[in-house]
Structures are given as C-alpha cells and as structure tokens.
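S.K.: Residue numbers (the UniProt record's numbering), protein chains in the order written: chain C, 1 to 921; chain R, 1 to 437.
Watch out, some of these pointers could steer you wrong.
Straight-line distance between alpha carbons at most 20 Å, and here's what the computed EDC-like set of lysine to aspartate or glutamate pairs gives [what the hints assert, rightly or not]:
1. R:LYS399 <-> R:GLU266
2. R:LYS382 <-> C:ASP331
3. C:LYS328 <-> R:ASP420
4. C:LYS284 <-> R:GLU222
5. C:LYS284 <-> R:GLU266
6. C:LYS279 <-> R:GLU237
7. C:LYS403 <-> R:GLU427
The set of hints was computed from the structure by calculation and includes no laboratory data.
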Amino acid sequence: MAARAQKFFSTTKKGENFELKAELNSEYKEKRKEAVKKVIANMTIGKDVSSLFADVVKNMQTEDLELKKLVYLYLINYARTQPELVILAVNTFVKDTDDVNPLIRALAIRTMGLLRVERIVDYLLEPLKKGLRDEDPYVRKTAALCVAKLFDLSPAIAMDNGLVAIVQEMLSDRNPMVIANAVAALAEISGASVKKDVFVVNNTILTKLLAAINECTEWGQICILNSLATYRPNDAREAREIVERVMPRLQHANASVVMNAVKVLMVYLNYVNDEDTTKQIIRKLAPPLVTLLSSEPELQYVALRNINLILQKRPDVLNQEMRVFFTKYNDPPYVKYEKLEVIIKLASDKNVDQVLSELKEYANEVDVDFVRKSVRAIGRCAVKIDSAAEKCINVLLDLIKTKVNYVVQEAIIVIKDIFRKYPQRYEGIIPALCENLDTLDEPEAKASLIWIIGEYADRIENADELLEHFLEGFKDENALVQLQLVSAAVKLFLKKPGSAQEIVQRVLNMATQQNDNPDIRDRAYIYWRLLSSNPQAAKAVVLAEKPPIEADTATVSESLLDELIQNIATLASVYHKSPSLLGGTAVDVSAVRGETTLEMDAEEPEVDARSVAQQVNAAVGGGIENLLDLDFGGPITTATPTSGGAGLTPQKSNIDDLLGLMDSGPGPSTPPYGTPTASGGFGGFNFGSSLGGGSGPSFSFPKTSLLTSADAQGLELQGTFSRKNGQPYLELTFGNRSGAPMSDFAIQFNVNSFGVAPAAALQVPSPLGPGATVDVSLPLNTSGGVQRMEPVNLLQIAVKNNVGVYYFSISIPIHVLFGNDGGAGAFGSRWGDFALSSQQFTIQGLGGVQDLAGKLRRNGVVVAQQPNPTTFQVTAQTINGEFVVAELNISSGSGVAVTAKAKNADLIPLFQQSLEGILRS
Amino acid sequence: MVASAVFILDLKGKVLISRNYRGDIPMTAVEKFMPLVLQAEEEEQTPTPIVSTEDGINFLYIRHSNLYLLAMTKKNSDAATILLFLHKLVEVFIEYFKELEEESIRDNFVIIYELLDEMMDFGYPQTTESKILQEYITQESYKLETQARPPMAVTNAVSWRSEGIKYRKNEVFLDVVESVNLLVNANGNVLRSEILGAVKMKCYLSGMPDVRLGLNDKVLFESTGRTASKGKAIEMEDVKFHQCVRLSRFESDRTISFIPPDGEFELMSYRLNTQVKPLIWCEAVIESHSGSRIEYMIKAKAQFKKRSTANNVEIIVPVPEDADTPKFKASIGYAQYAPEKNAIVWKIKQFPGGKEFTMRAHFGLPSVKNEDPDKRPPISVKFEIPYFTTSGIQVRYLKVVDKSGYQAFPWVRYITQNGDYFLRLPEAVKSSKLGGL
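Bound conformation, chain C alone (with noise of 0.2 Å):
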C-alpha cells in the first residue's frame, strides 16, 4: 500500500491538470480510478483541482465503492466552488438512493446534505423522506441527521415539507441509534430555531430516551443526556426517577457521558427537594469527578475547568478530596494552574497547613509561571481564611529569604493584599519587606511596597528615606509606580507634616511639571490643590477607610453560574463566559417560512473582525480608551468632537480603585468604574414623552435626532433601537443635506455598560448623495469592551463619513437588549432570592391592556407563571446574562403596580421606562 500510494503525491510537472483530465475521460477502468486518487492526492494537498470537477463526476456511476466514496469527497469539497455543475452529479445521487445496498443508500444521503447547495435542496426532498423511512436503520440514522444538515442550509423548506415532523416521530423508532441521532438532530433544530418548540421533551418521549440511554453507543448517549438536562420536570418525584435512571452512567469509561451525567445531575439537584437524595446525590458525584483527573491531560483540563464551577455551586462535593488536586511533577502546566485554583476553593481551617506546605514546595519549582501562581495563591489562602494569614505571613517571609528574584517581588504583591484586609495586624513584617527593596525591578511589586510604605508611613521610621529612594528614578519608572509615589508621598506628608514636607513638594513638582501621563499629572494636581486649600479635606480624601476585600474564588456571577451548570463540558463552562458570547445565532423559523429570497447558502457572511470580536479569552481589563482613539483604518480627521470631550475623562482617578483591581491577578478583574461622565449636554432620549408609535412584533421609541447638519457638516442622523427576532438592532436614518455626495461610513461603538458593539459593518450606500435620505438597520451584539456608564444605558458613538467624524450619545432601552429565553424556569429560585434590588413602581393612565403576555413576550419579556387573571409574574433576561423578574398587578382601574428585582439595581429604572413604553405600545 505505501509504495502505492506514494506516487499520488509524488508529481509536480506543469500541465498536470490537463494530463488528469484526459486520464479522467479514460476508457479503462483502472486508469480512471487512479486518476480520481491523484485529484484527491492533490486536493489533501492543497492544489486547486476544481477544474476537473466534470470529469470527476463523470466517475460517480460505479459499481466500485470506494471510487464512489472519492467522488463523494470530492463533491464535499467543490459543489460551493461550481454550483451550476453539482445538478449533474443530482441524478447519481438519487440513483444511489435507491441502490439495494444500505451503505450506498446512506453513503448518498449523507454526501447530499453536504453539499451545501441550495439548488440542489428540492431534489434532495424525496429521496430524504424516503430514508428517513428506509427499513434500514443505518440508513435512518443518517438520514435523521440530514435533516439537520438541510435545516442548516434552508429552515423553511425543512419545516414546510414535514420532514421535522417525521423525526420527531423517529423518537419512537425501535432502534436505539436511530433515537440517538433523531434527537441530536432536533436539539440541533430547536437550538437554531428562535421558538424553541421544535424539540420538547415531554412525558412520553422521556420515557422513550431514558430506554434508549441504556442501549445506544456512547456518543448517542452523550446526546440524549444532554437532552435530558434541559428537561424540566414535572416535580421532585419525577426528579427522583429520572436521576436514578441517569447515575449508571456515571461509571462509564466514557470521560465525556461521565461528564454529561453529572451535568444532568447538577441541573436536577435544583429539582430533587429532598435532603436524602441531594445527599446521596452529592455522595456520589464525588469518585467520578476524582477519576476524571485520571484521563487524558485535554479533558483532565475540562474536567478541572468544570470542576472549579461545580465547587462555586455546591462546596461541599469533594470536600474530602483535596489531596487528588495536588499537581503531579508531569502533569501539563495548564493542569497544574488549574489544580491550583481548585486547590484554593477547597482550602479550608481545617486543612490549609497541608495547602501550605504543598504552595510553598510549588514556590521551588522551575515555571517560573507557576512559582507566581502559587506564592499569589498564599496570599489568597490568607484573604480567604482568617485564622490562616499568620501562618501565610510566615510562608511568604521564607519565601523571601530564598532571594530568588520574582518570588520575592510576588510574595511582596500579595502580602499588600494581605495588609489590605487585615489592616494593623502585621506591620512587623514591614523591616523584613524593605530589605529587599533594591531587588525589586517590577513595576507591580515596586507599586506594592511603595504603597505600603505610604499607608504605615507613620509607623516606619525611615518612611521618608525610603521613598527617597525611588524618587531618583521618578522619571523612568513605569506609571504605576509614579501614581503610587504620588499618593504614598502625600500620605506620608499628611501623617508626618514634619519631616516629608520637602519630599512631597519634590515628587509633586516632578509628576506635575515633568510627566506627561494625564492620569498622573491630574492626580498631582488634585492632590497638591488639597494640601494647599484645605489639609483637613485632603487626609480625609487620601487617608479614608478603604473598602474590604473579598477573597476572588467566586469567578462568576451566580445566574452565569447556573447557566453553566447546564452546560458543563461545553466550551461555554471551560471559558467560564456566557453560551450566548460563542455565536450560534437563532434562526426565526416562523419569521423565515415563505420567505424565500433568504440567501442562507450565499457566502460566509461577511462581518467585520473587529467589531464581533468575541474576546472570549481576554478578560475585558479596561485600559484608558476614548472616541479620539477610534481606528477607522484610515487617517481620522481633525474634526473636534460636538459633544465636548467626555471621552477623555480618565477612567480610574483613585488609586484605591487600582490596588483593589491589582489583588485579582489573572483571574478575571471587575470591570473598572469610570468616574461619571457629564451627560447634561448629550442629546439623549426623554423617554416620559412621545410613547405612541412602535407597533410591528417589537415595540421602538420613535427615531429621533442624534445629528444635525449644522453639527456634522452636512451630514443629518435620525436613530433608534428595536429588537428583532431577539436580536438588538441599532435603527438609523441617514440625510446627505450638504452639496457633495458623501462616502466611506463606517460607525464606531465606545466601551459600555452592556458591551453593546456592532455585530456586522455598517451598510450604508455609497455615496450618498446630496438631498439623498437612507434607513439602515444595524445589528447589534454585546462583546464590546465593558465600563459603567452614567447613565448605564448610555452608549457613545462616532459615525465617520469621508468628510469627518462625528460623535454622539444615545440612551439604549433595555428590552432591546433581551434576549428570548427570559428564564422562566429560573423564576421561583430569582424570586425568592432576597439579595435581590427590589423596587415598586405604577404606570397609569393605560386604559386596559390588550394581549398583554404577548406585547411582552415580542418585547422579551417572558410570563413565567400567572397565578390569578389579574397578577404576571414575568422575567426577562439580557443577553449578556443581566436578569431583572417582576410581578404585573393590573389593578381595577388604568394603572398597573409593578414590583421589580433585579441583581443589579440599576436595571430597574431601565426596565420601568422599557416597560412603560411597551405597555402603552
């Protein structure tokens, strides 16, 4: 076979299609299937042999299977490139359809959803209907599947032709594997379609999956378990027994059903109110969680990543193990931070001695990465456990003894983090810290001991000679260090008047007169204005009570959390970010059927990179960023900004706020709060008046005036949101009144409090031409860049046309920003949570409320339970995972009163002005 098929990739020579061509068109057999491995040979290889693609499919009708299997591969491979070709290869096709052997019969449904083609699509009906009856089941299991494939390619045509329908009845199929598949198909449908009810599991087709689990291969399984934790059941019993049926699996040598089994069991302990069986639950999940770190080093890491979930949910499930989390000397290194961090959630009073003596031997190892994870993971261990920092305290001190040089610097990073939280308690320590002074060459550790030395300035003797120290090198030190300088020689002034007089005017001379870093000079400047105007406000201004610190082991908000409890071992949970963030846009079937100038097969849409950037790795950190900033590409003209210059506002101006962010290390740090931008002169929405208009499936505020021509030379801009098919849309009209045609839009989003960003580029004809008006719709998403704003749905945006820039802000309402899945199922639990904001408002003057569930539910806004005619109990949910629930008290008169909560208090003003508006839409 080798020296066989060596030769296949052996040629080069020019004109090596044309000789393939004629060997294609051979007369004899052989030769001809030596052709279509050399083409293939070529494809694997990267050579474009699209030109063939007659030729080749000339070969399709044989009776030789595995030169109908090259052919096949080939079609996969080039239908997209020659559309208008691919009907010649449709006849083979449903030839091949009919052909007595079911592996031909399968091979042939299989290729053809494939294909991709949307010509082809009707053909393909017939025989598809067919093998989804076919008396094979080989050949239903693939059909089922197609199904999916044709969904994909075009919903309405899959819906329309009953094909749905008929694997919704292939759940009752008598084999196994045919369930299997049928039911990754119609999760598959469901997920894409917007309503959802493709695939609802109900009593009878749980039956029909708990039989089958026992009795598929175990990807099947894998599928129909997935199902199951999406099912809500009816009550605790049935709870129960679905949960009894479903722990087997947990002994499956299978890593990934194991996975999937306590995914199902996570989701249903909410489910089984019991303590007996949470208990016995809970017992049981333990030893195969434990055996998973005996797997592969690739799923050992998903399982860990899942693993840190599970343990923010329910702490008490391997709280006996925390000896298996101990990184072996081999384990890979992203399995070694991993077990670290798990290490930490289960580090407790009872055993953080045997937590210390392992970080202190990882402290000597070689990565140098995982040294400073670890001596970073004592000083957490002592911010979480108060009864354990002195003992943290000491295992830094050795660490510092050893002098190598970055676990010295670490160690001096997190005792600051430790200093924070137990204010007074150690300053002892202080002499030992400052030994090492000249050592230090990070700015984050320089950063760290200069901060200290300002806060205990009134305990160290030589306070002042120590910073003196760094002043030398004020000028080339890194900002941190220069921000730090300031306030620490300000504290020290305030507490020892005396003797820092001469430092503190020094350091402020230098940031103020010699610094060209806005941050720094601005803070010197409000500093210097304090001390000289008034002293008594400066010490309560610098020397203020900090803020505690919390221990960083919760790494994801609570409704996240149960959002990735019900996917565990997807993508989702090892990200650590919201499912909604990994693409996979819903399809509206209903809003789709009978449209059909939907191009769904045209090209990979064309989005813009940047803007639908889903920064799925990168924590959003912040860092200074404005509209002046903006990268068109293109050079960016001069034009000032009408609306004054908010963006330049500096977004962190305490450096409080920056220690604090300082302690979460790599770990996801909260997003920073920038100071209030003035808002008053921004042309933003007045959402009291003017609420007639917005009929249509989701309810808009009328559009109104975002650019005048008077601002934008020429250019005038009329804009509003809406939501459509559960997606945010940004509505906007775009007025040439100047007398030259304009060209080149393009629109820019500043960082915001929901991340909103544009999900595509933006459209716009061009040019456009004088007196010449266009509505464009844009989509939206939110993986922009995040940062609180004043107020919180305000958006910043510059639109940019061939003449200039131009910046304005808009307020965006909330239920634009819904998503359709409210969480109803969450309802009970968010209701009841009382950490929640609740607040109580009335709307009056509505004049009864027609279709109210359905104004709300178009508007996403869902009605969770309605337990009297009058009373909704209804949740919404924005698509970064944001939830606000309510209760709608219709009262006897016009009004309705409404009690609204939400995690985040801010949301409610916003919902009530969504609301309000909806209401009287």
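Got chain C; can you put chain R on it based on the hints?
M.R.: Positioned in the frame of chain C, the structure of chain R alone reads:
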C-alpha cells in the same frame, strides 16, 4: 457537541489531511491556529488544549507524536466530547496503520478519508469501534468480491460485536493490572497514594456469549449479607466500565454482566484511595561539598511480602544539570549516569520483598556555578510485581453462557506496577557525614 471540521497538521501547522463536516467555517480558518499556539509560547505559556481566535473560532486539539489533531467550531460545542473523539481517532488510526505519523497519513489518505466520513457525521461522532469499522472499511477493499455492507453491529444495541464469530477453542484471558500512584514529600510523608486498577480482557469466544464476572467487591458482599470467607473484600472508590457492561444492572445489584467485544479490550478500571505502604521506599541523603562535588546515598526498600519479587526496578534520581565525572557504588544491580535525563538510573533486575539495598553516587561540579535556580525533580521509580495486587482484588469467577452451550476457559493474571510514582528529594546538606566512596 458538533465539530465543524477536523484536521491533522504537522508541527509546523501544515494541513496533512482534513475533513469539513458542517461547512459553516471556511477551511482556511485553520491558518489562524498555529499563530495562536506560537503566541502563547512566545509569552512563555503553554497553550491550553482549547484556544480561540478573536472572531470566535474555537480550536480544540491534542498532540500525538509529531502531529496535531485539531477540531474547530464556532458554537458552544461539547469540548469533552470533541477532545475525546480526537483521542478516539488516534486509537482507530493506530489500529489500522500501527503507527500514526506523517508518513502513514500520506500512505493511507484514501482510507483516512473513508474513516473520517464514517466516524463523524455533521460533527456528531458515530461509529468509533475499530473492530466494527474494520468489517466494512478495509485497506484491501479492492480485493473484495462483493460490495461491503454496513455490519449489523453499527446500529445494533450491541454495537461492539458482530454476529457469527467462531473459535475452535473458547478462551478468555484476564489481566488485572494495578498501577500505583504515589507522592511523598521531602520529609518522607505520603501526600497521596492511590491505586488505579484495570481489568483487561482478551476474548476468544464464539457466538454472542453472555459473560458474568465476579470480584471480591465489598459492597456486593455486604448487600448479599455474605462475609468474605477467605481473604478480604475490597472497596472500590470508583469503577468505570467499557460500554459493553450493563450499567443499570451494576447499579442495582453490583453484577458485572456483558457481551464482550471480540479480541482485546479494557473491561473496567477502578480506583482506590486507601493508604498503602509504599511498595518501594526510597530515602535519599544528598551532600554537597562547598559546591565542588556532590554525593548521593540512596536507600531502597521493598515493603511487600517476602514471597513476591519486583522485576525490572529502575530508580531514577535527578542530579544537577552541570554535574560531571560520575562514580557509583551499588549493593545490587548497576547504576548509570543518564546525561540526557540529568539523572542517575539505578537498575535492579530482581528486588525481593523485604530486602533493602543502597547505592552511592559521587559527582563533580564545575567551579563556575549555574545561575539558574536548581530544578528539583523528584525521584521516580519503575517496577513490576507479578502475581500480586496491592488492593487484594480477586476474580472469584467468570461465567460464560452461550446458546450453543460450549465450555470456555478463563485464565487470570495479576500484576502490580508503578504509575506516577514520585518521591521528592530533600535539600542537600552541607556538612560531611557520609564519608567518601
């Protein structure tokens, strides 16, 4: 679930072969993979097995010899399933081609395409049992008289065994293999010890036999009210079974019953956390003489019963990277310097239970000190102890029942070997108490 496409790349990132399953991501997107890996390496981090581009394409990959096996997806796919499937691919390819490397991919591209087509459809794993695949996808297909057909097993409830298998002599071989994982800190305290056991089977049985395996399982004994008459019963922390085992049956009455695949497979694996005495115990004393030379004394003790013997024992003791002029003295076996591992390898062919041996080593150190902090990898030990299990697990019976009523002969072997078996090294002492060689 769903993978959009699967690729096999060489270490430079060149695509050797690929298969597009969903057509929702251009295949050229794979070009973004290597830069992500290289970028992570540049930042001196080891890339995680899952990486993503800024425009939301996720790459999940594993490495096998000098290849990457890679899947990409844009959706919130099942990461565990995809990674496991990639490992399954490796397994199947090795069954087919013995070795999986650039060469064997090139030589077998036709069959790899066929396998990729059969093992996954639209991103969902389908048939991954290599035994069954081999029945209808073969390298010699052109020799077949009749066209291949899908074997019943592909869609059967018993998807791992075909019908009509015949042997003249019906035999079953059982290997119970226990690997001991151990971690001991420098003070000689055991931090972790666990036993990972596996029951491996070689089945040469005719027809569709129903097999039952009986172990001295404590939970089973307790539930049936039986007291273990001879020998103890063992308590398994966690058990994992091959997909042929009826899991619900095990859950309800702890019976291990199954229709086995033909030939070789791993029936079950189990884990025990019980503290056991480390089978081979090592103590190290390291002495450095003013940085010019360094001496090691290693004491090894076999802490198992006298009638057992550990075979092919290797005790690997790491030494500084810049050590030179090695000298050894061992009371048994022979010690060697392995510069490529920066370690002493002390090999002992047979190490009887209860015995204790010592080895001394002496190295010179260069006068110019290495600036880097000392790496201190732990001592690792390799060994095999036949006819012995640490846990005390026993096969009580293996019953084979087939319609035709033939007699089958079970053969059972036990062996214990090292898993991740590490003892951390103590720090070197400066004073001289060891004496010279």
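S.K.: Against each hint, give a clear statement of whether it holds in the structure.
M.R.: Now the hints, each set against the structure:
A distance of roughly 18 Å separates the Cα atoms of R:LYS399 and R:GLU266; the hinted pair therefore holds under the 20 Å criterion. For the hint linking R:LYS382 to C:ASP331, the alpha-carbon distance of about 18 Å falls within 20 Å, and the restraint holds. Between C:LYS328 and R:ASP420, the direct Cα distance comes to roughly 8 Å. Compliance with the 20 Å bound is thereby established for this hinted pair. Straight-line distance between C-alpha atoms of C:LYS284 and R:GLU222 comes to about 18 Å, which keeps the hinted pair within the 20 Å bound.
For a cut-off of 20 Å, the pair hint linking C:LYS284 to R:GLU266 is broken: about 23 Å separates their Cα positions. Between C:LYS279 and R:GLU237 the CA atoms are separated by roughly 17 Å; this keeps the pair inside 20 Å, and the hint holds. With a CA separation close to 16 Å, the supplied pair C:LYS403 and R:GLU427 stays within the 20 Å bound.
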